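Asks: First to last, the sequence lines map onto chains A, B, C and D.
Counting from 1, position 55 in the first sequence corresponds to residue 54 in numbering that gives the first Met the number 0; the numbering is continuous, with no gaps.
Counting from 1, position 125 in the second sequence corresponds to residue 124 in numbering that gives the first Met the number 0; the numbering is continuous, with no gaps.
Counting from 1, position 48 in the third sequence corresponds to residue 47 in numbering that gives the first Met the number 0; the numbering is continuous, with no gaps.
Counting from 1, position 12 in the fourth sequence corresponds to residue 11 in numbering that gives the first Met the number 0; the numbering is continuous, with no gaps.
Worth double-checking, as some hints may not be accurate.
As the list claims (entries may be wrong) - Simulated crosslink set (DSS-like; lysine-lysine; CA at most 25 Å straight-line):
hint, chain 1, residue 1, chain 2, residue 2
1, A, K146, B, K146
2, B, K146, B, K22
3, D, K64, D, K74
4, A, K22, B, K146
Hint data in this document are derived by calculation from the structure and do not stem from the laboratory.
Computed from a predicted structure; not experimentally measured.
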Amino acid sequence: MNTLHTNCEGDETLRLELPATLKYLNVVGACVAEMLAQVEDVADMATLSYTVQLGIHEICTNIVQHAYTQQQEHKRIAVTMEMRAQPRCLCVTLWDNGKHFEQSEVQEPLLDEGQVHGYGLFLVRNVMDEVTYSRQPEGNCWRLAKKL
Amino acid sequence: MNTLHTNCEGDETLRLELPATLKYLNVVGACVAEMLAQVEDVADMATLSYTVQLGIHEICTNIVQHAYTQQQEHKRIAVTMEMRAQPRCLCVTLWDNGKHFEQSEVQEPLLDEGQVHGYGLFLVRNVMDEVTYSRQPEGNCWRLAKKL
Amino acid sequence: MQTQTHVAHAMTVTFIGRLDAFSASMHHAQLDTLVQAGVRHFVLDLAGVEFLDSAGLAVCVRVLKRVQQDDGSVKMVLPELVAARRILYLARFDRIFEIVASSAEPGEENVYV
Amino acid sequence: MQTQTHVAHAMTVTFIGRLDAFSASMHHAQLDTLVQAGVRHFVLDLAGVEFLDSAGLAVCVRVLKRVQQDDGSVKMVLPELVAARRILYLARFDRIFEIVASSAEPGEENVYV
Ligand SMILES: Nc1ncnc2c1ncn2[C@@H]1O[C@H](COP(=O)(O)OP(=O)(O)O)[C@@H](O)[C@H]1O
Ligand SMILES: Nc1ncnc2c1ncn2[C@@H]1O[C@H](COP(=O)(O)OP(=O)(O)O)[C@@H](O)[C@H]1O
Chain A
0 MNTLHTNCEG DETLRLELPA TLKYLNVVGA CVAEMLAQVE DVADMATLSY TVQLGIHEIC
60 TNIVQHAYTQ QQEHKRIAVT MEMRAQPRCL CVTLWDNGKH FEQSEVQEPL LDEGQVHGYG
120 LFLVRNVMDE VTYSRQPEGN CWRLAKKL
Chain B
0 MNTLHTNCEG DETLRLELPA TLKYLNVVGA CVAEMLAQVE DVADMATLSY TVQLGIHEIC
60 TNIVQHAYTQ QQEHKRIAVT MEMRAQPRCL CVTLWDNGKH FEQSEVQEPL LDEGQVHGYG
120 LFLVRNVMDE VTYSRQPEGN CWRLAKKL
Chain C
0 MQTQTHVAHA MTVTFIGRLD AFSASMHHAQ LDTLVQAGVR HFVLDLAGVE FLDSAGLAVC
60 VRVLKRVQQD DGSVKMVLPE LVAARRILYL ARFDRIFEIV ASSAEPGEEN VYV
Chain D
0 MQTQTHVAHA MTVTFIGRLD AFSASMHHAQ LDTLVQAGVR HFVLDLAGVE FLDSAGLAVC
60 VRVLKRVQQD DGSVKMVLPE LVAARRILYL ARFDRIFEIV ASSAEPGEEN VYV
């Protein structure tokens, strides 16, 4: 699965580092939108841009609302973005220093009943081509990729 | 003059680090626009947002076209942005590792004749409330501030 | 905002712009106020929604769960934005909510949020 | 794009979107092509310009300097965007260029860039 993300930290990487508060998340979306706006020959760029922004946004809101709930200080999110060729894709990495994520504790949403939470990671997995989480010495690391 | 910029690196700082190429400069503008979009009670936000984006954009294009002309590698721009209160202002710092800037070599544009270059810093000084350049151990440092 | 205690007919709530994690707590509060004011039948008009995320989905489901206990109902007008509509289909909202073409029924009450 | 060698009347060049450092080299090239094709009188229509920077200003001045040597002229339609218009006034473009209200003259030639 995680094949798009190799060597994703080159000279063309864009880095954004921001306070882990909901009010700044629009900035992340705007950066993604501008990076994608430069990509040519994509059939439905408006929809693609929306879904990629959504995927990244969901990971960010989870960091704000789950990883950093107990923490009072040093709540930051670091995001790196890079356009790659062959296959053409946008690779995004998100870092935080909050609580670890435990996949085993997460339940799939029961779609037919409607959920008051639990749609976030479900949407991310559905709109992105790659989603991986790992614990690194530097912190929690989420890697997303979307083919263009 | 340089009074707005004290203590501008707090928990609310947003950092952006990107390749020093013209094609990525829209991303910087989009970040600034989103940060300003959250500010309330500004009389003509559309014009204000445009002029602040322009000021930052001019410093960036100068870094790309003057500071990094001779350099082949490691051409990066680091930008920090922060909204401050009392007086309410946006503080922006731009860093590069290129050639030093020499104020003494710069001529004011002859406005009545029209110039094929030389409008950049003139515009920056006219649209921002503070503009300072300094050489720091970490590199060239441009500080801009705009009262809101 | 309407505050009468008995509302038999449907109340249309029109969302504009972002319906996301940042605005969710405000939207929760607004819908709660309407439920407390006696509204049991809603039309959530998402036609003008420009950005919808999982927290926005949760806002819709939460009001449904609350009024369902009281034989209430929630209908939904889909966003015009194709991408946002797709998110609602992904979450199978067309099975959970009755999708209606438009909220424009003359004489209906309307709240913009 | 027009390429005839003698053009007596004014050529309107309409700029849309960004007129900035990123697009400047392309715009320089396009205007150069027109000058080489014999155009001496220009109307630069900036009405639809959304972002204008110092490089965009330089694009306008450069074509002026080129055609002035040949008794040419450059008129300008200001951007509709107030902020962009202010930048032109800051640079005193109202003194360097003849400002006209609109480029819409029937029968005139038009190039969109
Ligand atoms: N970044 C994170 N750090 C820690 N826990 C997380 C993180 N993201 C998600 N989780 C856990 O996974 C669960 C499911 O997340 P999600 O699908 O986004 O739905 P929701 O956020 O609505 O609960 C969360 O309730 C939380 O327990
Ligand atoms: N970041 C920089 N590093 C080095 N030199 C610079 C920098 N910015 C501006 N300069 C010098 O100052 C001059 C004036 O800059 P400016 O007013 O922006 O006009 P222009 O870029 O059109 O020449 C430039 O021509 C260049 O010599």
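Asks: If any of the earlier hints don't hold here, list their numbers in rising order.
Replies: 1, 2
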